[in-house]
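Trainee: Protein sequence lines, in the order shown, are assigned to chains A and B.
If you're matching positions, the first sequence starts at 1 in our numbering and goes up one per residue.
If you're matching positions, the second sequence starts at 1 in our numbering and goes up one per residue.
Certain hints may be false.
Since the list gives no way to pick out one identical chain from another, each pair is judged satisfied if it fits inside one copy or across any two copies.
Said to hold, decoys possible - Subject to a maximum C-alpha distance of 25 Å in a straight line, what follows is the list of computed PhoX-like cross-link-like pairs (lysine-lysine):
#: 1; residue 1: 73; residue 2: 291
#: 2; residue 1: 280; residue 2: 126
#: 3; residue 1: 160; residue 2: 94
#: 4; residue 1: 169; residue 2: 155
#: 5; residue 1: 38; residue 2: 80
#: 6; residue 1: 73; residue 2: 233
#: 7; residue 1: 169; residue 2: 31
#: 8; residue 1: 126; residue 2: 254
Simulated from the structure, these hints should not be mistaken for laboratory data.
So the chains spell out like this:
Number of protein chains: 2
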Amino acid sequence: MEVVFSFFPPADLREQLINEFPDCHFQFYRKISEAEWKNAEVIVTYGEDLSEKIIHSSPRLRWIMVCSAGLEKMPFQAIKEKNILVTNAKGIHKIPMAEFTLGLMLQHAKRYPELADFEKQRVWNKKLPLQELAEKEVLVLGTGAIGSEIGRLSKAFRMKTSGVNRSGKPVDYFDRIYTFQDWNIALGMADFIVSVLPSTPETRYLLRENHFQTMKDTAVFINIGRGDLVEDKVLLNAAKQNQVAHIYLDVFEKEPLPPEHEFWTLNNITVTPHISAMSKNYLPRAFEILKHNLSTYITGRKDFWNVVDLDRGY
Amino acid sequence: MEVVFSFFPPADLREQLINEFPDCHFQFYRKISEAEWKNAEVIVTYGEDLSEKIIHSSPRLRWIMVCSAGLEKMPFQAIKEKNILVTNAKGIHKIPMAEFTLGLMLQHAKRYPELADFEKQRVWNKKLPLQELAEKEVLVLGTGAIGSEIGRLSKAFRMKTSGVNRSGKPVDYFDRIYTFQDWNIALGMADFIVSVLPSTPETRYLLRENHFQTMKDTAVFINIGRGDLVEDKVLLNAAKQNQVAHIYLDVFEKEPLPPEHEFWTLNNITVTPHISAMSKNYLPRAFEILKHNLSTYITGRKDFWNVVDLDRGY
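The shape of chain A in the complex, shown without the other chains:
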């Protein structure tokens, strides 16, 4: 059975697979353009390199394992037509992404960048009014694995937590859940608004100027989900008009963010390079899912982890 990788994992992970699955024939390539995928039964990918052509010209392809969570570049129509199983690495992002988010919240509350500026000038300034996270309110857009981990950590920091999801159903670690129909009141109360939403037709440009007008001018907006949640011009306007106190962006409509983009230059916008999920533990964790699913596949069981709903796109 042919398992084709469109990326090249480190030696220890490759060896693990080869040793644990002697009946599989693993082929590791640096990129899809170098890969011989025509006989692949399984393709392991980061999910950004598959085309309809590849799907249609791989007659044996039965399963695609995406070692990532964002699936917006997958050729879902072709995959559905051929009834191919898709699983992803959902869930392994929650720890680094939630840590990254709380780190940004603390950076804002404790004003470390300003403290660093005073340090550079050798100025002992005790007058900066630091804030606490305790008692503040965080609103998380998207209450899946990542959002709920952010909720859990925020509760540990004694914060009030609200979440927004489609159903409005209660989720652990959230004091209140809103839907996208009734979230306006929550937007107006939150001190931190964090989006972990994926990119879907429903989330595209979901957040509009009126939403930023609703937010408190002391609020902080953090987007670690997908860049097409808000149009750039809405964010720029919110920053320039101080509709909120600070905007942290880890994701963008166009990545890498072009050097000439105005986001880089504004004091109350912080740009990071789509890095919130980055962790040394990332690929080892993804491989745990891959190995579980491989053994499920080989033995003909049905207990796959992280099966993607091809209609919903996540």
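For this one, chain A is given, so just place chain B on it according to the hints.
Mentor: Leaving out everything else, chain B in the frame of chain A:
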């Protein structure tokens, strides 16, 4: 009954006291040198301005409320001789100080300062290897209210937690407790070493060069307790020789830290101006303790909060 303040609280807090304790005569001064303390039965202070002379020439003085936690500048000998009750604001520091500590740990793990440098250059660099707090080990020197709040938050971040105290007795949120006799092994395992120790004869210069040699060269040392825990030259040496990866100092033997001090200049030492406890909630929380103790005092009950042990000095 005369209650003399050697600092000037904001109007809302002054009014609260005056309204809730109509039988007390409150006098608020900006500093002790302006205060008429000779008839004081109670002195409310930040604890850095009392002298033996003041104690000896206040014949009615029965109780000193210190709206702070550090007591090393208190004239304890004179206070003991006159059998004066001392209470402090211990416990109200734990929330901001623990938040500040976790914020520094995340700042190190997520490399926000380096990400900010790349942002200034408009460079999209996804290659910075970010770390997680999860699975890392934190060692907290001092397991009282502040240390234990750091332990609690660290557990929420899925960290391993160890603490050091005098008795070696178990403390909530710490997987293991060491004493100052057997802590060497813990020092060698920790990824983060955080000191919240007060200044006492026992803690002065407790941490020496051999301790830094024991630490991992990837470890981070954070001191938010008192500056005389380590001699400056030991810290400078540890930083210059890369005995640890980073040193965060919020407290110093001499404060304010003089502008010519070498601490300001080293890349792997971060200086903050004794600010970790700073919070808008600080004085309101201290006044909750003051009001509880005032009503205890007035009614002749004995359930004072935060009575200071004059022999131990905390």
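Trainee: Look at each hint and say if it fits the structure.
Mentor: Quick rundown of the hints versus the structure:
no. : hint      : in the structure
1   : 73 x 291  : within (24 Å within a copy, 62 Å between copies)
2   : 280 x 126 : between (37 Å within a copy, 13 Å between copies)
3   : 160 x 94  : both (20 Å within a copy, 19 Å between copies)
4   : 169 x 155 : within (19 Å within a copy, 28 Å between copies)
5   : 38 x 80   : within (18 Å within a copy, 87 Å between copies)
6   : 73 x 233  : within (24 Å within a copy, 56 Å between copies)
7   : 169 x 31  : neither (41 Å within a copy, 56 Å between copies)
8   : 126 x 254 : between (40 Å within a copy, 15 Å between copies)
The structure does not agree with numbered hint 7 stated previously, though it agrees with all others.
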